[in-house]
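Chemist: Residue numbers (this note's numbering), protein chains in the order written: chain E, 1 to 253; chain Y, 1 to 156; chain F, 1 to 53.
Hints in this document: simulated from the structure, not taken from any laboratory.
Possibly wrong hints are sitting among the right ones.
Claimed, not checked - Straight-line C-alpha distance at most 20 Å; calculated SDA-like pairs for lysine to any residue:
no.	chain 1	residue 1	chain 2	residue 2
1	Y	K6	E	R81
2	Y	K137	E	W176
3	F	K38	E	K186
4	F	K38	E	N229
5	Y	K138	E	S197
6	E	K186	E	W176
Just so it is clear, the structure is predicted and the values come from calculations on it, not from any experiment.
Single-letter residue listing:
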Amino acid sequence: MHKYANPTVFMRLANAVLPWAAGACVLLFAVAIPLALYASPADYQQGDTVRIMYIHVPAAILGEMVYGLMAAASATYLIWRHQLAALIARAAAPIGAIFTALCLITGMLWGQPMWGTFWVWDARLTSMLLLLFLYVGYLALGDAFEDQERGEKAAAVLALVGSVNIPIIIFSVEWWNTLHQGSIFKMNGEGMKVTVSPEMLAPLFTMMGAYVAFFVTILVLRMRIEILNAKIRNARITQAAAPMVATQAAQAR
Amino acid sequence: MAMTRKRRRLYFIGLALLGLCAGTALVLTAFQDNIVFFFSPTEVAAKKPTPSQRLRIGGLVEAGSVQKTGTTVSFVVTDNANTLKVAYTGILPDLFREGQGVVAEGHMGADGTFQAREVLAKHDENYMPREVADALKKSGRWQDGGAPAATEAPSN
Amino acid sequence: MDRFFAMGGYAQYVWPSYALALVAFVGILVVTRSTLKKREAEFERLKRERQDG
Chain E
1 MHKYANPTVF MRLANAVLPW AAGACVLLFA VAIPLALYAS PADYQQGDTV RIMYIHVPAA
61 ILGEMVYGLM AAASATYLIW RHQLAALIAR AAAPIGAIFT ALCLITGMLW GQPMWGTFWV
121 WDARLTSMLL LLFLYVGYLA LGDAFEDQER GEKAAAVLAL VGSVNIPIII FSVEWWNTLH
181 QGSIFKMNGE GMKVTVSPEM LAPLFTMMGA YVAFFVTILV LRMRIEILNA KIRNARITQA
241 AAPMVATQAA QAR
Chain Y
1 MAMTRKRRRL YFIGLALLGL CAGTALVLTA FQDNIVFFFS PTEVAAKKPT PSQRLRIGGL
61 VEAGSVQKTG TTVSFVVTDN ANTLKVAYTG ILPDLFREGQ GVVAEGHMGA DGTFQAREVL
121 AKHDENYMPR EVADALKKSG RWQDGGAPAA TEAPSN
Chain F
1 MDRFFAMGGY AQYVWPSYAL ALVAFVGILV VTRSTLKKRE AEFERLKRER QDG
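One chain only, chain E, in its complex shape (with noise of 0.2 Å):
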């Protein structure tokens, strides 16, 4: 396991991965759209608005999930001082916050002819947006410092402190009275019940494979970026601090 912790390593397997989720984004978006729009039933009570949900759902899940990532990572980047999570956390993030953002625009397309308002203040709507929040805060602060390794460290905390904010969005709709509906997965002692019938269902689980494809090829992208930003950043440094050790380390590379 210790063996991934190297960047290099690491790249090699991801972009070993990247055509294979590149591809599977395209075929799963190519099945889940014409499933979402077409072939899925009209809700009994909302009508075509239902189809929001298959962009809006998978939007908030990934939201949720991609922050989970970032918050691990930069926890272990704080104890273990890995540079390869600092690495994966600040390519995830602006992800994220595209995933959160569309969740929070199509939830007030779908709120405003089924609840008859765009937004509300009640704890689900509010603490979704404070997640849009967390994802700004931490894109900020990562570039808020002269020292690139103190930003680093300032957003994995802020990271970390905001991680207590995922359990309050997964469970406000059952701590308090929201307009915002339950879940549509219900956690009983059988196991995990599903609210959605399976005609609507098969548009949701797609789509929502179409989403994960599509974050895991956008992360590896994202992680070479961020990996090129660093070889950049290193190569000034020796430029600026040492030249005749430049030639040097373009050789070791």
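Go by the hints and put chains Y and F onto chain E.
Modeler: Same frame as chain E, but now just chains Y and F:
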């Protein structure tokens, strides 16, 4: 030596997170009343809000209780224990139906009727096609308070 | 066909949701790829400079 430093960081971060969770839980419990989006008729009965207090109430629209006179509509909100009469003038959301969830913002009138300024529909997390819902109702396996009145047609 | 586009009267909410998702996903893909290209070029330039200097 390096090992113990990592250990120490692990414990420190673990403890800090634990403290953070405990603190958050305390704060959220303390502000419970501000975090809930609406009060049920039972809670309203216990709280006895004055007419000057703005608040949100919520529950299910009692079947057969909706009365329309011009643009003014009145209905009864129930939580299956207590009920509360609501009066409202304005446009109702598409999902406003008897037997469905509703949240209203406004204040208590002197006559004990809740004067709503805004009415929002609250739906549940059950999603299914029309035919499945009809079949469930026919076979008598329809359950939960969110069940709509059988005569009520979906908006489209 | 018209019925499909009408989305049961909710076209103005359903279609923008999908359009937005498309814009968001294509947007982040394009930005990510162009940033990657830029960084690759920059790194190559730095490497060349080092070899020359």
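Chemist: Name the hints, by number, that the structure is in violation of.
Modeler: 2 and 3
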